[in-house]
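Based on these hints, arrange chain B on the given structure of chain A.
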Amino acid sequence: MRTVILRSSDGADHIVSSEAASLSRTVQSLLEELEAKEGEESPLIVPLPNVCDCTLRKVLQYCIQHTEPGTNLTGRIHVSETRRRDLEVWDRNYMLVSTDELYHLVMAAHYLNVPGLLELCCEGIANLIRGKSPQHVRQHFGLVNNFEKAEEEDIRRTNLWALVDEKELAKK
Amino acid sequence: MFGKRAVDLVKELSAAGPDALPPYNDEQVRLVLEEIQEHSATLKELSGVLNEKKRQREAELEERGEPSTSVSFGEFPEETSAFIVHHTSILRNKRLLLTYMKERMDRIKRLRWQQRSLPEDVKQNLSQSEIEWFTTYSQLLSGYMRRDTGIGMDLTLDEAPPKDPDMYVRVLRDYGEVAFSMGSVVLKKGSTHFLPRAEADPLIREGVLCPSQSGPIEAFNSSNDYAGQRTPPAFTHLPEEIWLRIASLLSTEQWAKASGACRALRQLQLERIYIPARDDWVYPIVLEWLMRRMGSARSVVFDGWPVSDGARVFYMQHNNLALQAPLYPAELPRLAILTVSAERPEGVPPVF
Chain A
1 MRTVILRSSD GADHIVSSEA ASLSRTVQSL LEELEAKEGE ESPLIVPLPN
51 VCDCTLRKVL QYCIQHTEPG TNLTGRIHVS ETRRRDLEVW DRNYMLVSTD
101 ELYHLVMAAH YLNVPGLLEL CCEGIANLIR GKSPQHVRQH FGLVNNFEKA
151 EEEDIRRTNL WALVDEKELA KK
Chain B
173 MFGKRAVDLV KELSAAGPDA LPPYNDEQVR LVLEEIQEHS ATLKELSGVL
223 NEKKRQREAE LEERGEPSTS VSFGEFPEET SAFIVHHTSI LRNKRLLLTY
273 MKERMDRIKR LRWQQRSLPE DVKQNLSQSE IEWFTTYSQL LSGYMRRDTG
323 IGMDLTLDEA PPKDPDMYVR VLRDYGEVAF SMGSVVLKKG STHFLPRAEA
373 DPLIREGVLC PSQSGPIEAF NSSNDYAGQR TPPAFTHLPE EIWLRIASLL
423 STEQWAKASG ACRALRQLQL ERIYIPARDD WVYPIVLEWL MRRMGSARSV
473 VFDGWPVSDG ARVFYMQHNN LALQAPLYPA ELPRLAILTV SAERPEGVPP
523 VF
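Chains as they are written, first to last, in my numbering: chain A, 1 to 172; chain B, 173 to 524.
So here's chain A without its partners, still in its complex pose (with noise of 0.2 angstroms):
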């Protein structure tokens, strides 16, 4: 198995199978370019100026835990049922994190087109969403409100029908 250097932003660097290294598409079709640039032996260096060590770190975590041995790169179908209960209950634990990495995580995940780590991360920004106000969303994420005054009575106004049903499930 062929390991690859991941370097980060701030230049640290990650040895990892390429195995793992290609769950992220951008990686996997640099690596493409690379191997047919520099041949078999050389070393690969993927420089990746768009994500920093820590981040990095994260995603890795994540594409070597989804590449350990039992999963293989032909699909999940051939993962055993225990496998993957055992990974959805890492990716549970996976996604405990603070909401600004959260954010590091989700545009790493973007940049370096990882779908399953993409589809986590979203999930886990939706479940943070769900049930919040508008006024929670913004604290949360750190949004800033920027409707004129008139226009934010408006959507309140038109937004009754998502506010209601709130209301109504605290009656009961």
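The set of hints was computed from the structure by calculation and includes no laboratory data.
Everything numeric in this text was worked out from a predicted model, so none of it was measured.
Take every hint as true, because none was put in to throw you off.
If you anchor each label on the Cβ, the simulated ranges turn out as follows: (1) B/282 with A/65: 52 to 58 angstroms; (2) A/130 with B/263: 50 to 56 angstroms; (3) A/50 with B/287: 50 to 56 angstroms; (4) B/356 with A/130: 32 to 38 angstroms; (5) B/328 with A/5: 58 to 64 angstroms; (6) A/149 with B/253: 56 to 62 angstroms; (7) A/57 with B/349: 22 to 28 angstroms; (8) B/351 with A/97: 20 to 26 angstroms; (9) A/17 with B/327: 55 to 61 angstroms; (10) B/356 with A/5: 30 to 36 angstroms; (11) B/349 with A/151: 44 to 50 angstroms.
Examples of chain B residues toward chain A, derived with CB under 7 angstroms: (12) 407; (13) 417; (14) 418; (15) 422.
Ideal Cβ placement from N, Cα and C applies to all residues, glycine included.
Same frame as chain A, but now just chain B:
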């Protein structure tokens, strides 16, 4: 009117505003007390009259040779009702007076918590016993908070629990490196940090830091130094396709709620809208919401929602959109067609 004076007393307090302390109305209180005395005197008189009448009636009955035990006060309705009215008036006056005292006491107590001492102008408005009460309460509280005999903590500092254990602070002067629980931070003048409230508080009191409303968005960098330099999550920069993906995981209802957060979220066009309508009155608002969301959609497909012709006409007039009969598009370019799945509860007729 009985009890009018006492009501005025309470009204006076409530008219002064929730935190104000108008002068203690000694005169009025005295008048109310006098009124109570009068009531009490009348009561005594009435009870004398009643007892007298009862005795007479009993004597009459005895003369006729009937058992005397059956005589009750109910046989003299005039005197009895007067008796009850006076008694109730006393109780009402008492309650109003107590309300007046209690409310004043609460306000004085609040003063102790908020201002710690009695301002001179307020002190003039208090009665002698109120001042005494304040002094005693103050002593009790200070004794409880004292370091050697009490809990050693100033409870009046933070009356309400802080909303967030962390807070943004701005550094007012260079202070060097400080170790916090989540790492050490170099406090440089002008910089903003996100620190645990409890640990930042002493420095705020020292004048090194001051609370800041919000963190610096522009300071958000991809530095791996999370500790100490915790910057707010800059989700504003999240690409649209990721937001869409997130939105697709939420129900339309949840998304509608969250999209009120900022303009960028508001402008996202969902591919799929699913609105389970619960009550008939929801329809008009839902339709209006849809209209606003579908400005850029060229057509709308209603799926599974029996929409009457009236609604179609209404919709077309307002939005220049063609409403098609239920249709199941498998793959369509985004923003071209919106699929609206709305469920109507059973037994509710269409609004239009």
